[in-house]
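Now for the letters of each chain:
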Amino acid sequence: MATLIVQGGTSLYRVNTTTGAATALTLPTGVTLSTSRKPRFAVLNQWVVLVNSPSKNLCIDPEGTVRVMVPTAPAGPPIVAAGSGTGLTGAYTFWQSFVVKNSDDELLIESPLSPASASVTLANQNASVTKVARSVDDITARRIYRSLSGGSLPYWLLDIEGNSAEAFINNTSDATMALLPSLTLTTNISPPGTLPGSRLKLICEWRSRLWGVSDDPALVDTVYVSETNKIYAWPNTVVANPTGADEQGVVALAPRRNQLGLLKRIGVWAIEASSNSTGVSLSSLSVRFVGGSEEAGCAAPDSVIVVNNKAYWMGNTGIWEWSDEGLKNITDETVKPWFATDDYFNRSRFPNAFARYNKLRQSIEFHVAAAGSSTEDRWVSFNLVNRRWYGPHTTAAFTPSHATQLIDANGLPLSFVGGTDGIVYQANSATFTDGASSAIDFDCYGPFHSENQPDLEKYWGELSVLSKIESGGTLTVTPYVGRLNAAAGSTISHDLTTGRQRLRRLGDGALCRLRFQQATNAQGVALYGYEINPVFPNGRR
Amino acid sequence: MALTNYNFGGDGVNLVKDKLQLGPAEATQLQNAELVFDEARGGIGALSKRGGLAALTSALAGTIYGMLGLSLKTTYTRTLYAALGSAGANTWRKSTDGTTWTNTSSPLAHGVNSKFTDANGERDARRATAFRNVILYQGNSYTKGTDKPPLVLWDGTNALTVTSIPIGPSATTNTPAYAIVDMLVANGKVYFAVHDPGGSGANLAGRVMSLDLETGTIAQVANAFGSGTGEVTGGYPCCLCWYQNQLFVGLQTNTTTDAIGKVVRCYPDIDTTWTSDVSNLSGLPCSMAVYAGDLYVGVQSSSASNCKVYKRSATTETYAASFTSAAGTAGSAFCGSLIVFNDELYAVEYFSGATDVVHVKKFDGSSWTTDRDVDANDPIDATTPQMPGGAVVLSSKLYIVFRVATDGGTNGFILQRNTSGTWARVDSSANLSGPLVVLVERS
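Note that the protein sequences, when read in sequence, are chains A and B.
Going by numbering that gives the first Met the number 0, the first sequence runs without a break in its numbering and finishes at 540.
Going by numbering that gives the first Met the number 0, the second sequence runs without a break in its numbering and finishes at 442.
So that you can see chain B by itself, here it is in the shape it has in the complex:
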């Protein structure tokens, strides 16, 4: 007679029965043993040594007191995208570290300079915007004055046209909009300003619209701009800012008339008309930002006033010049690319004239200083200095694009500033058209 036991451990440990009652498949100790339901490793009926505990990490700062397994996409890759201006194969420059830039042809092209209809090419903010995991901007694949400008997106993989801008109410009959001239994301929505053909005199036509990215539909915010009945006069919307739950819009007339600079505001989805917030700024607004609870508005020079940055005080709701350029009026001048970085307000003072002035100015809440003398340190065009374009912050560094003056040029460049105050030219000799935006991809 033989004793056979081919299910040893199959019934696990039993310490309850008396020693003479244990079945052959039971045990009193099964240290570091397990059943593996895999015949290659043992299978049912076989008692196997347990698998090892392999070190995943090096030693952390001390005892592992707690852990949580997180089954989510937690890798965020942020890529800087700078639009190229020519209609070449490459459409954008991109960089993940801010220092190494490469061309890419995958995103659709951004609207080139000729698509905009602002005097001296300097009036429109021309910002692209990032929303969740896409960037949104005006496309280039249309004929100005004939086709509707497309609104396109890029998500790192897909280049898509979201929609095209319908013809405006005050536009020249059946003439599509010129371009989308500024964009921003606020309160979880995408807003953009449109420059329409039409209007009369200084009362140029345009609209501010919102985009529902889930449906691809767009809706007009409050009333239109232009010279028609019920429309807002004083120029087309050229720069946007979200402040105190309201959308503030700077208007553009494409003139240098003094003291007609106008900013309007409204509560989107509630207001049906725009409220004039100011209409006598010395120059026309071209960039806005919120800093320390107040609204700042960069304006162009006028026939009588140098370019300035105005502060709209939250406590008085009145505008007063915070910074005034010393460069003069006898040229093309503006204060643009306003952005808050490292708890300070930055703006680019630009003057193209007898003596060019291109300074990155910094405001710490009490005084303005020149943080970077661009015309002294960077490759400024001797005839027409490159104008500032988009400004963004990524990984505690500030980036500002200086764009080529004409499509096809190659002297655009990008400046980078770190928090310790060091400036560096991180990309140059590129046909940069101005827009600069950060795409966030998640994996």
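Same shape as in the complex, but just chain A:
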């Protein structure tokens, strides 16, 4: 069953998308969620990873159990000395880690290794291991590694179940150790967000790995990379040079099919992968500058949406599309004033913008703050079919604060908007009501009609409006007849039950423009079009 993972206030929930029932998830002891840092999620191998908002990176298994993503590594190695028994000869080194295993005893999570113990030289003695560290996190076992005689590489030796026992003796022969050393463990680090001081501000899944960016001002151009299909193993980093050119560094991650976009405010970088592979080789990774300028950069981490291998995001002065054809501004030719002036939106809040994909409407919706507003109380939508813009939209029911989408168990696309009221709303309701009873304020301004003769005074005859036949309701039409500064004329009411209605004459003027409004709760409207008949010139005045 598809679900939503939701941060509401300082709590984490799992929401049933069929019933709306929300189940609070229990956070690990000592971990809190911030209300000033937005949560960032990723899904890898059926596990949800949550960063930025929690005081420690978290992971959530499919059942809803929340754990720290990477347990804090043991600060020190176990203490090893010669025991009173027999069995081992040579120099041995021990390591330990903290692990979480499932009911099938399979490894789910493992911390980085402890430092290596001091080497102990044994002469047909067993090893007495003490001070096996206990974890501050919720774990199921401590995993012990040991070298072969005279060796320096860790081999998995045994697990000590639980988090209490601190000592054991061992004389396992080299021949019965694991066949291969655990080499990858030696390079795993604690990614930002594991220890206090820094957090992963961004995360995404791409090519079966997790990719994350630190909020450490010195590391904002560095991308941390996990091992394939492992949420807990983070041995790698890549850098989007130049470093230190902008205080924000990498602002957002945009995972496309064969490219992972590293979006900065000053341009777009990408990591490429082979198109015929499912993973990505870290040994051949390179970061290239895709292009763009400061305008093409990304302003809002939560505005990135990838649909059909095209990435969209909010830049400083418009919305950008990145496809195999390159970078393209998709607002400059139509709605640039939305994003490049202060007339419509509060541009200083663009970094807070967020986006969702409304698959049923095949549109991407960007939520922004109205001019003068300090909340994201407006949104605009980009229709992917006709590539046109609609909006700005608003609702009286609540103030949007985040949005997302999913495919449910039946394969149906759903789109959701969360509010500052703590409620999750589902889009595309056929009842034309927001929330419990708020009307949707349909309000559209058409073009100035001039009949290609804007200088001529004209007579604008009777208005006919054709609309989808509804069971009730009216559509209010306000004519503006005159010059560009024409005042609103008397409103005209179109009965939506008629389908077509011949209405009054509009009057004399050089230009004519119509405004259509409908703000009745639970009342839909579909406007097929309108006619004004007759229209003829009166002459030049």
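Please keep in mind that the hints were generated in silico from the structure rather than gathered at the bench.
Keep in mind it's a predicted model, so treat the numbers as computed, not measured.
Please note that a few of the clues may not be correct.
[To be verified] In silico negatives: residues of chain B with every beta carbon more than 12 Å from chain A: (1) V15; (2) G87; (3) T145; (4) T174; (5) N186; (6) N279; (7) T382; (8) T421; (9) R424.
[What the hints assert, rightly or not] Taking lysine to any residue and the SDA-like style, the derived pairs with C-alpha atoms no more than 20 Å apart in a straight line are: (10) B:K72 / B:E440; (11) A:K335 / B:T27; (12) B:K18 / A:E450; (13) B:K72 / A:S102; (14) A:K309 / A:P254; (15) A:K37 / A:P350; (16) B:K360 / B:G408; (17) A:K100 / B:R441; (18) B:K72 / A:G63; (19) A:K37 / A:S54; (20) B:K72 / A:G410; (21) A:K130 / A:A74; (22) A:K358 / B:G42.
Cβ atoms here follow ideal geometry from the backbone N, Cα and C, with glycine treated the same way.
Assemble the complex: chain A is given as a structure, and chain B must be docked to it using the hints.
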């Protein structure tokens, strides 16, 4: 001349052109309007009011700061299954809440008591096991001594035979195994112990095997048990435990000889032989568990020693009695059903004799106490008290089966303990044969 405009909004908002350049399909504001590519709702060319935003949830604890749509199966249903012992239509009892139990005939029947060949019916651990989204256990549809015992599974929908146990190397010629006597899952693999016919004296025959559920194939772990060349002596494997990356196996001789209790161990897939870990426990092992880093072994009484729970210290690798029953030796006694619950170790002290003793004992790391006096509080059979069977933990509650003494009996029952220490009899008057396991189903 008429002005017609039947594509209003079709070209969306345009704020770039001057006001006199806008086409008829363009607009300067399209608030709460959208194109719906569905003629029933408007269609191409019609400008529609956008759909509503319907409240999905009630108010959560505060502002929705973030959300993630998760298109995964996230509903886990855990069902307790307790095997029934008779060959009736119903094969298992099941419960999702631990309190309400119903019969089911859908899973294949578990091997009934008569399929096992352990003295007094008390020697084998007889555990079924859960692995991923199935439960695995020994089936009942075979004739002991004639057919190979089947290994079967149940996934909540399908009842299937996975494989049958091949004839063992040390078994009486061409005689199939008696039964699968214990199972466990460790390190992502299924292991099970097999009691074979054959062997001589105390050196009874058996094997430990692993199952690859993806191929349905089974493989023998290390060498076999028995009296043959290269085989492990000291009894057949009757109980299993995973400890320190090794498989520990308690051996059974079906005798009451004192001080021959033996535990062997090996690294599966690496070792080719078993290493003797101890061979002088006072009684024969019948259950094992790992607690606080140490291995605990419940043993039967012997001709000279009461039943006990031994602790194998991780720091010395030696065995010492942690608990010794006061019930005596002049009867059938053992410490079985070892399990860790709520950070404490539980075991059932069982003695059937002049004065029956059936106690659930609890060890908190320093001392053993009686947590439930079963013979005083529960419907114990006056002649032969019901023996403990499977023990599992589900939803922070401990469950222990007390099984009927003979197939077809109806006085089996299940005890439940919560974390606050309250015991309750949650199922009774059932023909419970012992195995108890939790099936996890995902939807």
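Quick rundown of the hints versus the structure:
A beta-carbon of chain A comes within 12 Å of the beta-carbon of V15 of chain B; the shortest separation is about 6 Å. With a minimum CB-CB distance of about 31 Å to chain A, G87 of chain B clears the 12 Å threshold, and the non-interface call stands. For T145 of chain B, the shortest C-beta to C-beta distance to chain A comes to about 34 Å, beyond the 12 Å cut-off, and the non-interface label holds. Annotated as non-interface, T174 of chain B keeps its C-beta farther than 12 Å from every C-beta of chain A; the closest such distance is 33 Å.
Remark: the non-interface label on N186 of chain B conflicts with the geometry, its nearest Cβ contact in chain A lying 5 Å away (cut-off 12 Å). Against the 12 Å criterion, N279 of chain B stays outside the reach of chain A, whose nearest CB is about 18 Å from its own CB. With a minimum CB-CB distance of about 38 Å to chain A, T382 of chain B clears the 12 Å threshold, and the non-interface call stands. With a least beta-carbon separation of about 23 Å from chain A, T421 of chain B lies farther than 12 Å from that chain, consistent with its non-interface assignment.
Non-interface call for R424 of chain B relative to chain A: holds, since the shortest CB-CB distance, roughly 26 Å, exceeds 12 Å. Between K72 of chain B and E440 of chain B, the direct Cα distance comes to roughly 10 Å. Compliance with the 20 Å bound is thereby established for this hinted pair. Distance restraint check for K335 of chain A and T27 of chain B: the Cα-Cα separation of roughly 12 Å lies within the 20 Å cut-off, and the hinted pair is therefore satisfied. A threshold of 20 Å between alpha carbons decides the hint, and for K18 of chain B with E450 of chain A the separation of about 13 Å falls inside it, so the pair holds.
The hinted pair formed by K72 of chain B and S102 of chain A meets the criterion: a straight-line CA distance of about 18 Å does not exceed 20 Å. Between K309 of chain A and P254 of chain A the CA atoms are separated by roughly 9 Å; this keeps the pair inside 20 Å, and the hint holds. A hinted pair counts as satisfied when its Cα atoms are at most 20 Å apart, and K37 of chain A with P350 of chain A qualifies at roughly 12 Å. Under the criterion of a C-alpha separation no larger than 20 Å, the hint pairing K360 of chain B with G408 of chain B is inconsistent with the structure, at around 26 Å.
Of the pairs offered as hints, the one joining K100 of chain A and R441 of chain B holds, with about 19 Å between alpha carbons and a cut-off of 20 Å not exceeded. Between K72 of chain B and G63 of chain A the alpha-carbon distance is near 11 Å, which keeps this suggested pair within the 20 Å criterion. A hinted pair counts as satisfied when its Cα atoms are at most 20 Å apart, and K37 of chain A with S54 of chain A qualifies at roughly 12 Å. Our distance criterion of 20 Å between C-alpha atoms is met by K72 of chain B and G410 of chain A, whose separation comes to about 13 Å.
About 12 Å separates the Cα atoms of K130 of chain A and A74 of chain A, which keeps this hinted pair within 20 Å; it holds. For the suggested pair K358 of chain A and G42 of chain B, the alpha carbons sit about 16 Å apart, so the restraint of at most 20 Å is met.
The earlier numbered hints that this structure contradicts are 1, 5 and 16.
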